[in-house]
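A.B. asks: The chain contents come next:
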Amino acid sequence: MTIPVFEPWNDPEAKPLIQFQNVTKRFGEFTAIDDLTIGIYEKEFFALLGPSGCGKTTMMRMLAGFETPTKGSIYLAGQDMAPVPPNKRATNMMFQSYALFPHLSIWENIAFGLKREGMPKNEINDRVEEMLRLTRLDKFARRKPHQISGGQRQRVALARSLAKHPKLLLLDEPLGALDKKLRQDTQFELMDIQEKTGTTFVIVTHDQEEAMTVASRVAVMDHGKIIQVATPDRIYETPNSVYVADFIGEVNIIDGLATPNGEDSYAIAWKDGQAPLNVKSPNKFSDGQKCHLAIRPEKVTINAEKPTGVDNVVEGKILDIAYLGNISTYHVELPSGVVIKAQAANTRRISRRAFTWEDTVWLSWTATAGVLLAD
Amino acid sequence: MRRMSWFNTVSLTLGFAFLYVPMLILVIYSFNESKLVTVWAGFSTKWYGELIQNEAFLNAAWVTIKVAVISSTIATVLGTMAAYVLVRGGRFMGRTLFSGMIYAPLVMPEVITGLSLLLLFIGLGLDRGVMTIVLAHTTFSMCYVSVVVSSRLVTFDRSLEEAALDLGCSPSEAFRLVTLPIIAPAVISGWLLAFTLSLDDLVIASFTSGPAATTLPIKIYSAVRLGVSPEINALSTIMIAIVTVGVITASLVNKRQMVRQKRDEQAAERS
Numbered sequence: 007m008t009i010p011v012f013e014p015w016n017d018p019e020a021k022p023l024i025q026f027q028n029v030t031k032r033f034g035e036f037t038a039i040d041d042l043t044i045g046i047y048e049k050e051f052f053a054l055l056g057p058s059g060c061g062k063t064t065m066m067r068m069l070a071g072f073e074t075p076t077k078g079s080i081y082l083a084g085q086d087m088a089p090v091p092p093n094k095r096a097t098n099m100m101f102q103s104y105a106l107f108p109h110l111s112i113w114e115n116i117a118f119g120l121k122r123e124g125m126p127k128n129e130i131n132d133r134v135e136e137m138l139r140l141t142r143l144d145k146f147a148r149r150k151p152h153q154i155s156g157g158q159r160q161r162v163a164l165a166r167s168l169a170k171h172p173k174l175l176l177l178d179e180p181l182g183a184l185d186k187k188l189r190q191d192t193q194f195e196l197m198d199i200q201e202k203t204g205t206t207f208v209i210v211t212h213d214q215e216e217a218m219t220v221a222s223r224v225a226v227m228d229h230g231k232i233i234q235v236a237t238p239d240r241i242y243e244t245p246n247s248v249y250v251a252d253f254i255g256e257v258n259i260i261d262g263l264a265t266p267n268g269e270d271s272y273a274i275a276w277k278d279g280q281a282p283l284n285v286k287s288p289n290k291f292s293d294g295q296k297c298h299l300a301i302r303p304e305k306v307t308i309n310a311e312k313p314t315g316v317d318n319v320v321e322g323k324i325l326d327i328a329y330l331g332n333i334s335t336y337h338v339e340l341p342s343g344v345v346i347k348a349q350a351a352n353t354r355r356i357s358r359r360a361f362t363w364e365d366t367v368w369l370s371w372t373a374t375a376g377v378l379l380a381d
Numbered sequence: 002m003r004r005m006s007w008f009n010t011v012s013l014t015l016g017f018a019f020l021y022v023p024m025l026i027l028v029i030y031s032f033n034e035s036k037l038v039t040v041w042a043g044f045s046t047k048w049y050g051e052l053i054q055n056e057a058f059l060n061a062a063w064v065t066i067k068v069a070v071i072s073s074t075i076a077t078v079l080g081t082m083a084a085y086v087l088v089r090g091g092r093f094m095g096r097t098l099f100s101g102m103i104y105a106p107l108v109m110p111e112v113i114t115g116l117s118l119l120l121l122f123i124g125l126g127l128d129r130g131v132m133t134i135v136l137a138h139t140t141f142s143m144c145y146v147s148v149v150v151s152s153r154l155v156t157f158d159r160s161l162e163e164a165a166l167d168l169g170c171s172p173s174e175a176f177r178l179v180t181l182p183i184i185a186p187a188v189i190s191g192w193l194l195a196f197t198l199s200l201d202d203l204v205i206a207s208f209t210s211g212p213a214a215t216t217l218p219i220k221i222y223s224a225v226r227l228g229v230s231p232e233i234n235a236l237s238t239i240m241i242a243i244v245t246v247g248v249i250t251a252s253l254v255n256k257r258q259m260v261r262q263k264r265d266e267q268a269a270e271r272s
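Protein chains in written order, with the numbering used here: chain A, 7 to 381; chain B, 2 to 272.
Honestly, the hints are just simulated from the structure, not real lab data.
Here are some chain B residues pointing at chain A (derived, C-beta under 10 Å):
1. E162
2. E163
3. L166
4. G169
5. V179
6. P182
7. Q262
The beta-carbon is built from N, C-alpha and C at its ideal position, and this holds for glycine as well.
Work the whole structure out from these sequences, hints included.
C.D. replies: Here it is, written out as structure tokens:
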């Protein structure tokens, strides 16, 4: 059996559910969103990722209807959303603070939106029961929000926002208030629920791990612009800029000048007295163009003896070791003063580790391990 | 229990004596047999009996309660509305000026408020009576309500209202179904504050009342000018009793609610 690949963004026939068309949003002098165009497809789990103040929350609040674009338009299922007030939109939002109504029970919180719709009483009952089961809250229906724990509150907020069958569910830093362990469990729960209900999810987060775990596509934002939109693996493996490479995970950035020396192949001159680096790159560079080689620490191998037959090898001294339990990150200082991070799995017990501080080591990596980025 | 130092004991005793000795004397003398206020002639409850017969006092008491209920209710509605607009209305022209102006009557000398209201009522040709006192009391107690309610609204989590809108409420439904129930304790204490202010107001009421309607404080004040009678003492004792019971009940209810909330939260975290 083959599982059909879900990637509507590669299908020229597919129509996006949400379309941002040259949207700009200003608050006085401050530009929160800068001429942004993007399509989000049905059943996607779309993550907006960026540092605080990058405009991701503003984008979400415009989708919910709490803010209106200064310029440009937003379409939901082909309909221009500008004149539609929040209470008339087929979107629902899960708030960062959960925003549960403290004076209502869990049951009444979930039923709140259904009652506003004028749904018949027995249907409300069925729907609320269904949501309680989905979020495993059956036992707590009669309790008030202050009588349940943080994790349970978070599930009530999710149940309440899903109850009305929204076309689009907006999640604003939904797991921010939970501790790490609970957050990881909840991420899988969220993905599970998203799959079961088939709702389109847009999540705002500043936690890159969270975005990578849950999302079908991630948009990395900075200063009101989307820098890159891609699947999590492409964002990590082939970032389109130094900003994205640096924002997602750990990375070594080596600055240099490119010289083409074959098909998609370049010699990078980087520090005086060091042999040029060999890099293969589909991105084209002209002779002598300034470039940045972004290479992940786990793709750099650390050796006690000088390896032979490798594309790139440099010698250095161990400056620092960050021991993380399962892996260790070695900070290796080259004679030129550049520090390169290399990561290795701790397959042996720590007392038998091969390297320690001040050891001379050789770092090596293949020509295709890194990504060559323009300025 | 830790023993208090003699200094603490003395300061506590002095402070409380200052506050309560006058009232205690009043209460004791309300049970005095003698008509002379300053001479103790044995225990009696006859002044309470006479008080019930005194129609002028009963009328004044009725007017006072009527005025207090009506004016504090109107003041609560107006004060809540004003607070909501000032806290939530966004940045409109002159917002700072308006917020300042709503607090100004709090520090305005009562004589001036009373006088200006009197001039207004004369200018409008309104006969002074229950209605003019109600209007006057609404005017000054409304700012107190608005202060109490707006301090609650400032700490109100705005996303609760947004959640209500998001789930299909119109803005007025969101206010009625979410905001109002949550700020209700502040609105109620605003009402109680307005009610008490109206009950014990003498200055403004004396400017705006007429021969047709007198409030209890005015009645007591004018009666005392002819000499303090034990009847007045009895009346005051009843008022003290009512206020005491009210305050103690309110604080007990409040305390029990807090204890229960805390217990619930702890139970929720454990489960």
